[in-house]
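Here is how the chains run, residue by residue.
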Amino acid sequence: MGALLQLEDVDARYGPIQALHGVSLSVAEGEIAAVLGANGAGKTTTLRAVSGTVRRSGTLTFDGRPLRGGAEATARRGIAHVPEGRGTFAELTVSENLRLGAYTRRGGLKDDTARVQQYFPWIEERKSQQAGTLSGGEQQMLALARAFMQRPRMLLLDEPSLGLAPLLVTEIFRIIRELNEHEGLTVLVVEQNAHIALQLASTAYVLEVGRVALSGPSNELQQHESVRRSYLGY
Amino acid sequence: MRLVARKTRVSTGASVPVLIGIAAVCVFLVIGSLRSDIFAQQTVAGLSQGAVFASLALALVLIYRATEVINFAQGEMAMLTTYIAYQLTIWGVTYWVAFPLTLLISFALGIFIYGVFIRPVQHRSVIALVIITVGLFILIDGLVTWKWGADLKFMQAPFGNQVYHAGGVAFARQDIGVLAVTIVSVVLLWGLFQFTKLGLAMRAAALRPAAAALVGVRVDWMLAVGWGLAAVLGAVAGLMTEPTQFLQPTMMQAVLLYSFAAAVLGGLESPAGSVVGGLALGVFLNLVGQYVGWATSELRLPIAFVVLLIVLLLKPNGLFGRKQVRRV
Numbered sequence: 003m004g005a006l007l008q009l010e011d012v013d014a015r016y017g018p019i020q021a022l023h024g025v026s027l028s029v030a031e032g033e034i035a036a037v038l039g040a041n042g043a044g045k046t047t048t049l050r051a052v053s054g055t056v057r058r059s060g061t062l063t064f065d066g067r068p069l070r071g072g073a074e075a076t077a078r079r080g081i082a083h084v085p086e087g088r089g090t091f092a093e094l095t096v097s098e099n100l101r102l103g104a105y106t107r108r109g110g111l112k113d114d115t116a117r118v119q120q121y122f123p124w125i126e127e128r129k130s131q132q133a134g135t136l137s138g139g140e141q142q143m144l145a146l147a148r149a150f151m152q153r154p155r156m157l158l159l160d161e162p163s164l165g166l167a168p169l170l171v172t173e174i175f176r177i178i179r180e181l182n183e184h185e186g187l188t189v190l191v192v193e194q195n196a197h198i199a200l201q202l203a204s205t206a207y208v209l210e211v212g213r214v215a216l217s218g219p220s221n222e223l224q225q226h227e228s229v230r231r232s233y234l235g236y
Numbered sequence: 458m459r460l461v462a463r464k465t466r467v468s469t470g471a472s473v474p475v476l477i478g479i480a481a482v483c484v485f486l487v488i489g490s491l492r493s494d495i496f497a498q499q500t501v502a503g504l505s506q507g508a509v510f511a512s513l514a515l516a517l518v519l520i521y522r523a524t525e526v527i528n529f530a531q532g533e534m535a536m537l538t539t540y541i542a543y544q545l546t547i548w549g550v551t552y553w554v555a556f557p558l559t560l561l562i563s564f565a566l567g568i569f570i571y572g573v574f575i576r577p578v579q580h581r582s583v584i585a586l587v588i589i590t591v592g593l594f595i596l597i598d599g600l601v602t603w604k605w606g607a608d609l610k611f612m613q614a615p616f617g618n619q620v621y622h623a624g625g626v627a628f629a630r631q632d633i634g635v636l637a638v639t640i641v642s643v644v645l646l647w648g649l650f651q652f653t654k655l656g657l658a659m660r661a662a663a664l665r666p667a668a669a670a671l672v673g674v675r676v677d678w679m680l681a682v683g684w685g686l687a688a689v690l691g692a693v694a695g696l697m698t699e700p701t702q703f704l705q706p707t708m709m710q711a712v713l714l715y716s717f718a719a720a721v722l723g724g725l726e727s728p729a730g731s732v733v734g735g736l737a738l739g740v741f742l743n744l745v746g747q748y749v750g751w752a753t754s755e756l757r758l759p760i761a762f763v764v765l766l767i768v769l770l771l772k773p774n775g776l777f778g779r780k781q782v783r784r785v
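Protein sequences appear in the order of chains A and B. Here our numbering is used: the first residue of the first sequence is 3, the next is one more, and so on. Here our numbering is used: the first residue of the second sequence is 458, the next is one more, and so on.
Keep in mind that the hints were calculated from the coordinates and are not lab data. Bear in mind that the values here come from a model prediction, so they are computed numbers and not experimental data. Don't take every hint at face value.
With a Cα cut of at most 25 Å, we get these calculated DMTMM-like pairs of lysine to aspartate or glutamate [to be verified]:
no., chain 1, residue 1, chain 2, residue 2
1, A, K129, A, E173
2, A, K129, A, E86
3, B, K654, A, D114
4, B, K654, A, E93
5, B, K654, A, E127
6, B, K772, B, E726
7, B, K772, A, E93
8, B, K654, A, E126
Only part of the chain A face toward chain B is listed, based on derived beta-carbon distances under 10 Å [as the list claims (entries may be wrong)]:
no., residue
9, E74
10, A82
11, R88
12, T106
13, R148
Covered stretches of chain B (in silico footprint by chain A; criterion: 3 or more residues with CB under 8 Å from a CB of chain A, positions within the stretch not fixed) [what the hints assert, rightly or not]:
no., region
14, 648 to 658
15, 666 to 673
Virtual Cβ for every residue (Gly too), placed ideally from N, Cα, C.
Taking the hints into account, I'd like the entire structure generated from these sequences.
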């Protein structure tokens, strides 16, 4: 299978500060890839470069065609980006959040709502609740559900484990794996928690100060001396 | 998996004490109206004036929510569109055809103003935006005076001058008409925001532009449509002011001040609050004018602002000011 998403020599900058220096990575269709690294290594910026929410240059290809334009153009290409802070519309209800997820699509939402039900059974009875009043874990699930409503080909996830209790992190990653296996969603996930990310992903990239320092299959990286010392802590 | 089973209370707009207060005032108005014909007349006339304040206040709130700026030119935009309706009737278009035509033109005007004047500086500074809306105020005022002159002009009375009698109470057909038109436009707008995909996208774009863009919403377009709709509401307010104030370049200036008061009274971020604020202000001012001897028409505007001051001292977020419940 060829690469669904390909970045070649991508730079990104916030004003005068360059955050990515020639990052190259590729994500095959149907796989889960992880981007690891310390704070400030450029993990979030990598996702933002893909979704066009940061000034970028270099070659970005999605499904054989170049990625151009800003966030809404990227969404229309079938890429769902769950950003830092989860992108929840806190003031709107749970079901309004889900409807917004499906914004780029035409036609009815019945099928999708039913499928969201399968993965997130609690959503039905909370659907008229204001999304900002959900717990952190519920908001993260709502973000996944919202992204799922978009029927994307690819999911960009920014630190899904952030601020969640270990049990919830396991639950969230279980759902991500299910979405990948049952729905064929390609996933690019950015994580601080290298341990769980390497278990989930088949390929991983380690970023250091805006450059890819290491990359390869997750099981190889797991054995890698410097990864173990810096990110896995044993 | 069921994660958290607790129920959470959600604040949506007005708190319970405020709702009880509003209900009490409504009961008072109904009882008063049943016992006194003059009271009933003044209440209806007040509601009709308040409806005009409400629609312009709602326009201010729409723009405040979308662009986070008070549009000082809202009243003058309303005045300009009323002149456009006037021009259409001069050209022989009948009033009730000119009315929807004017609303369409207003929608385009709102989008035009957003695209040309607001969008380029939107993310720079709030002060710049405020100055621009003040500049628009002066620009529109000048253009209208240059084109149509400063003297009073008259349009056909849209609702006629009949008076209805119910029991001993006389209701001006015009008051009822103004009230009805405003209520219909507010309800239509509410429906748009609450039940349509466009309305939902507009709310999302105003609340969280970055997140809205990520789900594929064209945020700039949504804000432009918001300015268009605000201009339409303003046009309704202008056209409904014309029967009492007649057409002159200054016709909306006092109305704009009352509408500011109404919008702030309602909480500035709350569409429902601005409507309640507008209606309440209209009724209050009319009843005070009727029953308080020294409160002559010169004191109308000062009284409105004293009320505003008192409400804000008691409830700094306005009547419907919403405190967001948020958990991280």
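We went through each hint and held it up to the structure:
Among the hinted pairs, K129 (chain A) with E173 (chain A) is consistent with the structure: their alpha-carbon atoms are about 20 Å apart, no more than 25 Å. Between K129 (chain A) and E86 (chain A), the direct Cα distance comes to roughly 23 Å. Compliance with the 25 Å bound is thereby established for this hinted pair. With a C-alpha separation of about 16 Å, the suggested pairing of K654 (chain B) with D114 (chain A) holds against the 25 Å cut-off. Between K654 (chain B) and E93 (chain A) the alpha-carbon distance is near 16 Å, which keeps this suggested pair within the 25 Å criterion.
The suggested pairing of K654 (chain B) with E127 (chain A) holds, with an alpha-carbon distance near 22 Å, which does not exceed 25 Å. Pair hint K772 (chain B) plus E726 (chain B) holds up; C-alpha atoms about 14 Å apart against a cutoff of 25 Å. Simply put, K772 (chain B) and E93 (chain A) have alpha-carbon atoms about 21 Å apart, close enough for the 25 Å limit, and the pair holds. Distance check on the hinted pair: K654 (chain B) and E126 (chain A) sit about 20 Å apart at the alpha-carbon level, within 25 Å; holds.
A distance limit of 10 Å between C-beta atoms decides the matter here; for E74 (chain A) the minimum to chain B is near 5 Å, and the interface restraint holds. The closest approach between the C-beta of A82 (chain A) and any C-beta of chain B is roughly 8 Å, which is under the 10 Å cut-off, so the hint is satisfied. Nearest Cβ of chain B to the Cβ of R88 (chain A): about 9 Å, under the 10 Å cut. The hint holds. A cut of 10 Å between beta carbons decides the hint on T106 (chain A): the least distance to chain B is about 4 Å, and the hint holds.
The interface hint given for R148 (chain A) is met, as the beta carbon of that residue sits about 7 Å from the closest beta carbon of chain B, less than 10 Å. Counting residues of the region 648 to 658 of chain B whose beta carbon lies closer than 8 Å to any beta carbon of chain A gives 3, which reaches the threshold of three, so the coverage claim holds. Given as covered by chain A, the region 666 to 673 of chain B passes the check, having 7 residues with a CB less than 8 Å from a CB of that chain where 3 are the minimum.
Checked against the numbered hints given earlier, this structure breaks none of them.
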